[in-house]
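Once you've looked at the hints, dock chain B against the given chain A.
Going down the list, the protein sequences come from chains A and B. According to the numbering used here, the first sequence is numbered sequentially starting from 1. According to the numbering used here, the second sequence is numbered sequentially starting from 1.
Since the hints were derived computationally from the structure, they do not count as laboratory data. None of these values were measured; they are calculated from a predicted model. Be a bit skeptical, because a hint or two may be false.
[Unchecked claim] For each label pair, taking beta carbons as the anchor points, the in silico distance ranges come out as:
| id | chain 1 | residue 1 | chain 2 | residue 2 | range |
| --- | --- | --- | --- | --- | --- |
| 1 | B | G28 | A | E39 | 18 to 28 angstroms |
| 2 | A | G16 | B | E52 | 43 to 53 angstroms |
| 3 | A | E26 | B | P8 | 36 to 46 angstroms |
| 4 | A | S52 | B | T5 | 15 to 25 angstroms |
| 5 | B | S27 | A | D94 | 24 to 34 angstroms |
| 6 | B | S70 | A | D17 | 42 to 52 angstroms |
| 7 | B | E52 | A | N22 | 35 to 45 angstroms |
| 8 | B | G3 | A | S58 | 12 to 22 angstroms |
| 9 | A | S7 | B | L96 | 29 to 39 angstroms |
[Stated by the list, open to error] Under the rule of at most 30 angstroms between Cα atoms (straight-line distance), these lysine-lysine pairs were calculated in the DSS-like manner:
| id | chain 1 | residue 1 | chain 2 | residue 2 |
| --- | --- | --- | --- | --- |
| 10 | A | K106 | B | K57 |
| 11 | A | K41 | B | K13 |
| 12 | A | K110 | A | K40 |
| 13 | B | K13 | B | K57 |
| 14 | A | K40 | A | K56 |
| 15 | A | K3 | A | K106 |
| 16 | A | K41 | A | K110 |
| 17 | B | K57 | A | K41 |
| 18 | A | K40 | B | K57 |
| 19 | B | K13 | A | K106 |
| 20 | A | K57 | A | K41 |
| 21 | B | K13 | A | K56 |
| 22 | A | K68 | A | K57 |
| 23 | B | K57 | A | K67 |
| 24 | A | K3 | B | K57 |
| 25 | B | K13 | A | K40 |
| 26 | A | K37 | A | K57 |
[What the hints assert, rightly or not] If you want the ones that stay clear, here's a sample from chain B, every Cβ over 10 angstroms from chain A, calculated:
| id | residue |
| --- | --- |
| 27 | L11 |
| 28 | V19 |
| 29 | G40 |
| 30 | Q44 |
| 31 | N56 |
| 32 | F64 |
| 33 | S86 |
| 34 | L88 |
| 35 | T95 |
| 36 | G106 |
| 37 | L111 |
Glycine residues also receive a C-beta, built at the ideal position from the N, C-alpha and C atoms.
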Amino acid sequence: EDKVVQSPLSLVVHEGDTVTLNCSYEVTNFRSLLWYKQEKKAPTFLFMLTSSGIEKKSGRLSSILDKKELFSILNITATQTGDSAIYLCAVPLDSNYQLIWGAGTKLIIKP
Amino acid sequence: KAGVTQTPRYLIKTRGQQVTLSCSPISGHRSVSWYQQTPGQGLQFLFEYFSETQRNKGNFPGRFSGRQFSNSRSEMNVSTLELGDSALYLCASSTLGGVTGEQYFGPGTRLTVT
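Chain A on its own, in the form it takes in the complex (with noise of 0.2 angstroms):
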């Protein structure tokens, strides 16, 4: 059964802090990975990762792939209280048009 999994389910820290988000999968034929950041409704894009090893970058956030442990971590250094939100992780499924999406990490940054 194809599947996304994202732990932790939920965190906290402190501004100031790094933090790693974890999202396995198990999907056929595995095409690109992509994480969002929902903070009040609508999720907004992060990343799109298709190669292993290569990282991808932006401001403070990074994310990077391994296809061969099945997993991806995003990162996020020096947080912010602007931070908070809830980190999604999607994969699509190569047989249709469909994103199958984890639970999500809530990450709370506290002052």
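Then chain B, alone, in the frame of chain A:
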């Protein structure tokens, strides 16, 4: 470009009623996907439309249906509402669909069934 819009933003219905939600995608986007999100759950895929055709459907009962119009606007209908249908309903648009990359989400419709 204007973003994805969804109407209404909030809705309260009683059990047994039906509801129709609307989604207007970003101009030029032909794919619209619908998701249900409940607390503690990830996004659960409902269906995806591309050029007025439903390309795929998730594991939801037949009470959930949708359609897409020639201008790519999409509607989702839920009949015979149940308490468990209370959720945030999100739609997302893209040029080709979820497989090819990022989707742009609307603000969602918060449905409460009493």
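So, going through the hints one by one against the coordinates:
no.	hint	result
1	B:G28 with A:E39: 18 to 28 angstroms	26 angstroms, holds
2	A:G16 with B:E52: 43 to 53 angstroms	50 angstroms, holds
3	A:E26 with B:P8: 36 to 46 angstroms	38 angstroms, holds
4	A:S52 with B:T5: 15 to 25 angstroms	37 angstroms, violated
5	B:S27 with A:D94: 24 to 34 angstroms	29 angstroms, holds
6	B:S70 with A:D17: 42 to 52 angstroms	50 angstroms, holds
7	B:E52 with A:N22: 35 to 45 angstroms	39 angstroms, holds
8	B:G3 with A:S58: 12 to 22 angstroms	20 angstroms, holds
9	A:S7 with B:L96: 29 to 39 angstroms	31 angstroms, holds
10	A:K106 with B:K57	28 angstroms, holds
11	A:K41 with B:K13	20 angstroms, holds
12	A:K110 with A:K40	17 angstroms, holds
13	B:K13 with B:K57	24 angstroms, holds
14	A:K40 with A:K56	24 angstroms, holds
15	A:K3 with A:K106	19 angstroms, holds
16	A:K41 with A:K110	21 angstroms, holds
17	B:K57 with A:K41	23 angstroms, holds
18	A:K40 with B:K57	26 angstroms, holds
19	B:K13 with A:K106	29 angstroms, holds
20	A:K57 with A:K41	24 angstroms, holds
21	B:K13 with A:K56	44 angstroms, violated
22	A:K68 with A:K57	21 angstroms, holds
23	B:K57 with A:K67	28 angstroms, holds
24	A:K3 with B:K57	17 angstroms, holds
25	B:K13 with A:K40	23 angstroms, holds
26	A:K37 with A:K57	15 angstroms, holds
27	L11	14 angstroms, holds
28	V19	18 angstroms, holds
29	G40	7 angstroms, violated
30	Q44	8 angstroms, violated
31	N56	4 angstroms, violated
32	F64	15 angstroms, holds
33	S86	16 angstroms, holds
34	L88	7 angstroms, violated
35	T95	12 angstroms, holds
36	G106	6 angstroms, violated
37	L111	13 angstroms, holds
Checked against the numbered hints above, the structure violates hints 4, 21, 29, 30, 31, 34 and 36; every other hint is satisfied.
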